[in-house]
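K.L.:
Protein chains in written order, with the numbering used here: chain A, 1 to 263; chain S, 1 to 271.
Among the hints, erroneous ones may be present.
[Unchecked claim] Estimated spans, in silico, between C-beta atoms of each pair:
| no. | chain 1 | residue 1 | chain 2 | residue 2 | range |
| --- | --- | --- | --- | --- | --- |
| 1 | S | Pro177 | A | Arg260 | 28 to 36 Å |
| 2 | A | Ile258 | S | Ala192 | 40 to 48 Å |
| 3 | S | Arg74 | A | Trp238 | 51 to 59 Å |
| 4 | A | Ala109 | S | Thr88 | 41 to 49 Å |
| 5 | A | Ile141 | S | Arg162 | 28 to 36 Å |
[To be verified] Examples of chain S residues toward chain A, derived with CB under 7 Å:
| no. | residue |
| --- | --- |
| 6 | Thr49 |
| 7 | Ala89 |
| 8 | His106 |
| 9 | Pro141 |
| 10 | Gly143 |
Just so you know, the hints here were simulated from the structure itself, not pulled from any lab data.
For glycine and all other residues, C-beta sits at the position ideal for the given N, C-alpha and C.
Each chain, written out:
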Amino acid sequence: MLGFDFMRHAFLASGIVAVLAGAIGYVLVLRGQAFAAHALAHVGFAGAAGAVLLGVSPFAGMLIAAFAGAGLMGALGERMAERDIAIGVVLAFALGLGLLFLHFFTGSAAQATALLFGNVLAVGGATLRLLAVVSALTLAILAAIARPLLFATLQPDLAEARGVGLRGLGVVFLLLLAMASAAAAEIVGVLLVFALMVGPAAAAERLCRSISAGIALSVGLALAAAWAGLTLAFYTDWPASFWISALASGFYLAALGIARLKR
Amino acid sequence: MNSPPATAVAFDDVRLAPGGFAVLENARFAIPEGALVGLIGPNGTGKTTLLRAILGLEAPRAGRIAVLGGPARRGNPAIGYLPQRAVTAGPRLSGRAMVGAALAGHRFGLACAFPGRGGAAQAEIDRVLDLAGATDFADRPMGALSGGQRQSLMLAAALLGRPRLLLLDEPLAGLDPLRQAEVVAAIARLHARLGIGVILSSHDLNPLLGTIGQVLYLGRGHAVLGTVDQVVTGPVLSDLFGAKIEVLRIAGRILVLAPDGTMLDGADARL
Chain A
1 MLGFDFMRHA FLASGIVAVL AGAIGYVLVL RGQAFAAHAL AHVGFAGAAG AVLLGVSPFA
61 GMLIAAFAGA GLMGALGERM AERDIAIGVV LAFALGLGLL FLHFFTGSAA QATALLFGNV
121 LAVGGATLRL LAVVSALTLA ILAAIARPLL FATLQPDLAE ARGVGLRGLG VVFLLLLAMA
181 SAAAAEIVGV LLVFALMVGP AAAAERLCRS ISAGIALSVG LALAAAWAGL TLAFYTDWPA
241 SFWISALASG FYLAALGIAR LKR
Chain S
1 MNSPPATAVA FDDVRLAPGG FAVLENARFA IPEGALVGLI GPNGTGKTTL LRAILGLEAP
61 RAGRIAVLGG PARRGNPAIG YLPQRAVTAG PRLSGRAMVG AALAGHRFGL ACAFPGRGGA
121 AQAEIDRVLD LAGATDFADR PMGALSGGQR QSLMLAAALL GRPRLLLLDE PLAGLDPLRQ
181 AEVVAAIARL HARLGIGVIL SSHDLNPLLG TIGQVLYLGR GHAVLGTVDQ VVTGPVLSDL
241 FGAKIEVLRI AGRILVLAPD GTMLDGADAR L
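Only chain A is shown next, with the shape it has when bound in the complex (with noise of 0.2 Å):
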């Protein structure tokens, strides 16, 4: 199976996108914000179909887009009951553009389906250098800022009073969860980004009562549903998009029931 360039390939830009999807996810899932990760991958799809149509890069055009979004969306409300409304709102309207975007592109179904479900055989050599490049970079900040940014999280009102700035941290992780959708999306696909980055993180969440640990499942699942799912890909035949996603959602329903099993 490694003897084929586009499963190495395939396999070190899935492992490299599930170490940072699995890292960001748990951060995203204890802060509440998994809507927001699902709404900015189809914010990025909008830019991306917009990049097919203009004839650049489509990981470029959905970088800026997502950066967009999780810019408004830093701007927008702090109430999350309203940003839910907002967030909603702005998916829906990504995704049709995007859908426009494709309508003037004449081109074939493929793009659209590559953007919309991931086409993780065919990546190559230059977009994995590039998403190895997003990721350190994604990973490197997620690592200077987890300190406060996990203060932040669980006790806001302390860490206020303690000095660290909560709306500035907010923004900046919004920004890094724009970075990893856009990778997770070179891999899965827009429409199952909340399966590599929620999934297992979710799973995670359930099962650890340390931080530290939480994190290390986070990426130790993530990177078994990426590399299994290429695997059963590989001798099924079948999508490797299909196979990542019904492993990750495997993931969570087992740590559910473990997660019973132990109370």
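Chain S: place on chain A using the hints.
P.N.:
Here is chain S on its own, set in the frame of chain A:
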């Protein structure tokens, strides 16, 4: 080393108006260092706003606030704080992880995710857990703990960094009378053992009777500080609220009655 300033918190003609809505006018009082003070007032009288002003999170529209000899400023490490909604996420994390996240959580870096590696960090966490009486249940998930146990853990987090002044916002809210008595006893023990100042807010004075040295009573945008016997009297509270207030002392409890007969304090007294 200089002798410590005699005043923990001094308000000098302070006006507090968060979002333009005045909750405190011409407040002038001085809380001595090391005192255990109950911040009492009906809901909505600005207890949280006053504590946030001491923390430097709410700038006074007029007047000056001095805290431990300097102006009130955000992030003052000499103040420990237990907010009303202390924990908002992470129900499956252990209390130890939660306290660990607060340890040096205001600095940048990774260590909060891995507090177990540093011996000094672990020792500091153990120290505050022990002080707050939270060691026994610190390894269980937050979501599996009682309200009183969660309160003890967050009290431990407030003690990180050896503060000289503790601000506790409604630490008794949502607890039954037995748990309230336990939390009050724990706070009194801490106060005696560490010799640090404590200001704790409560809408009910009664659980604190016999424990607090002084009471800071809030009403109608004004504040009055003194011992319970000085402040919680008909004339003083009538002056504060601008209406005829009756204060009844029954069976070791104090009931504060508004003119319409509703109770401003002691509302959950069971007679």
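K.L.:
Against this structure, judge whether each hint is valid.
P.N.:
Evaluated hints:
Proline 177/S and arginine 260/A have their C-beta atoms about 34 Å apart, which keeps the hinted 28 to 36 Å range intact. Taken as a hint, the range 40 to 48 Å holds for the pair isoleucine 258/A and alanine 192/S, whose Cβ atoms sit roughly 45 Å apart. Between arginine 74/S and tryptophan 238/A the beta carbon distance is about 55 Å. The supplied range of 51 to 59 Å therefore holds. The supplied range of 41 to 49 Å is met by alanine 109/A and threonine 88/S, whose beta-carbon atoms lie about 45 Å from each other.
One distance hint, 28 to 36 Å for the beta-carbon pair isoleucine 141/A and arginine 162/S, holds here, with the actual separation near 32 Å. Below 7 Å, beta-carbon pairs count as interface contacts, and threonine 49/S has none with chain A, the closest being about 13 Å; its hint is therefore violated. This hint holds: alanine 89/S has a C-beta 5 Å from the nearest C-beta of chain A, less than the 7 Å allowed. Proximity of histidine 106/S to chain A holds as hinted, the smallest CB-CB distance being about 4 Å (cut-off 7 Å).
The criterion of a C-beta within 7 Å of any C-beta in chain A is met by proline 141/S, whose closest approach is roughly 6 Å, and the hint holds. At about 10 Å, the closest approach between the beta carbon of glycine 143/S and any beta carbon in chain A exceeds 7 Å, and the interface hint on this residue is violated.
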